[in-house]
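Read top to bottom, the protein sequences are chains A and B.
Residue numbering for the first sequence follows our numbering, starting at 104 and increasing by one per position.
Residue numbering for the second sequence follows our numbering, starting at 12 and increasing by one per position.
Keep in mind the hints are simulated off the structure, nothing from the lab.
C-beta atoms are modelled at their ideal positions from N, C-alpha and C, and glycine is treated no differently.
Check each hint, because a few of them may be wrong.
[Claimed, not checked] Computed footprint of chain A on chain B; a stretch qualifies when at least three of its residues, placed anywhere within it, have a C-beta under 8 Å from a C-beta of chain A:
| id | region |
| --- | --- |
| 1 | 28-40 |
| 2 | 56-64 |
| 3 | 117-126 |
| 4 | 129-140 |
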Amino acid sequence: MSLRERLASGGFAVTAEISPPRGASTQRITETAQTLRTWVDAVNVTDNQGSNVRLASWAGSLALLREGLEPVMQMTCRDRNRIALQSDLLGASALGIRNILVMTGDHPKFGDHPGAKPVFDLDSVQLLWALRTMRDQHVLLSGRKLDPPPDCFLGAVENPFAPPVEFRAERLAKKLKAGAQFVQTQFVFDVPAFARWMAQVRDLGLHEQCKILAGVGAVRSVRALDYMQNHVPGVEVPAAVHTRLRKVPPAQQQAEGVKLAAEIVQQVAEIEGVAGVHLLVAGNERAVPDILQNAGTRVNDGR
Amino acid sequence: MTAASPVPVHPRLGARLAYRLQRVLQPNASYRWLAARIEENAPARKMFTAAERITKEAAFGCRMCGQCALPVTGYVCPMGCPKELRNGPCGGVGPDGSCEVYPDRRCVWVDAYDRAAAAGRTADLRLLHRPVDHRRWGQSSWLNYWQGRDEALWTSRPGPTP
Chain A
104 MSLRERLASG GFAVTAEISP PRGASTQRIT ETAQTLRTWV DAVNVTDNQG SNVRLASWAG
164 SLALLREGLE PVMQMTCRDR NRIALQSDLL GASALGIRNI LVMTGDHPKF GDHPGAKPVF
224 DLDSVQLLWA LRTMRDQHVL LSGRKLDPPP DCFLGAVENP FAPPVEFRAE RLAKKLKAGA
284 QFVQTQFVFD VPAFARWMAQ VRDLGLHEQC KILAGVGAVR SVRALDYMQN HVPGVEVPAA
344 VHTRLRKVPP AQQQAEGVKL AAEIVQQVAE IEGVAGVHLL VAGNERAVPD ILQNAGTRVN
404 DGR
Chain B
12 MTAASPVPVH PRLGARLAYR LQRVLQPNAS YRWLAARIEE NAPARKMFTA AERITKEAAF
72 GCRMCGQCAL PVTGYVCPMG CPKELRNGPC GGVGPDGSCE VYPDRRCVWV DAYDRAAAAG
132 RTADLRLLHR PVDHRRWGQS SWLNYWQGRD EALWTSRPGP TP
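Here chain A stands alone, though its shape is the one from the complex:
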């Protein structure tokens, strides 16, 4: 069952994120993805995550596809203008990559090439709009005809916790209007704050127009938590999470992180309008089976 079918059937979807290597081989990501095969519906392949050069997301996605796994190809607006972005969608679709996750992308300042030219020719709303038009109206932004048009399932991201929080559900509404069919959120650590955002989402009826997957991460250590808090833009970790992890000895922190993630999966799964979870486990993919086993049956139903 594809991710699109799983979501359409009303089943609980699980996706996980892996980040391609800094090197010219897809071996590691296909090996990692194999360990996830029976646990997730699809695997996200990041697009030069954190503005650090990695193997291209289309190449990683193609490698997964060849192994019989379903990729979600991430596409940022940071490195390519509208010509390259549209061309990449055609290429991805021609090769069989269906799920496309559109995001603005981190600023180059945060990566390994801080002197790079930030492109941002389109923003994420405009890119979603362009891709939907290519698929549904069979035309490019220029108005020129496409034959054949691409086939794709379009995703967006949202950070429910970043200011202006009153506007975050409205911002999601714009992405849906532009063409988003599913959404993966930023790390959820603060479940009550996430529930407040979901209430706004339901007030606007957005949960009926798209499928929302809550982002859940497994923290490996106090050090990883501090890094995330200080170096990943848009991630806020509540004090209670810091305290909880600091209380356990270093050797048990990883297990505590898995336990915490499983609890969050359980809690968000109970919130009306949540269609699944997106596990943000890049570099810690082995935690996926543990998180899902701890999280209980509804989450693992039918995979």
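Chain A is fixed; fit chain B onto it per the hints.
Frame of chain A, contents of chain B only:
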């Protein structure tokens, strides 16, 4: 960062005054006529464009993209966003509302939301902005606005094509 890189700017012109000016400067037949006359005369066009640049740079940190979004962004320029986002804030805004790239500055969209909310204009922020036409950099957006060329910059109902 070079001098040309976008930097978030808090407008010096208050939102209330800006909205009042918006009503006064709304396109009409006289402005359209005036804009056409200015545009056909090269020295007049240059002077007018220079005056716009000076005024809007002082008031809003304008970078002269030539397709002004200010009327629907609480009069905070989205082109000051380091990612030049015209459809709302990115996910990297700090918990205090700071820009992720310039932590000592406020995110333009946090600023825009506050100003639009205070003026009862949050509905403006739901509009979908079309991609920037990079050929228009350096042009007078006022001349474009008065002559009706800005009408397609944004829409409340995304039609079949962007």
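Okay, the hints, checked on the actual structure:
no. : hint    : result
1   : 28-40   : violated (count 0)
2   : 56-64   : violated (count 0)
3   : 117-126 : holds (count 5)
4   : 129-140 : holds (count 5)
The structure does not agree with the numbered hints 1, 2 stated previously, though it agrees with the rest.
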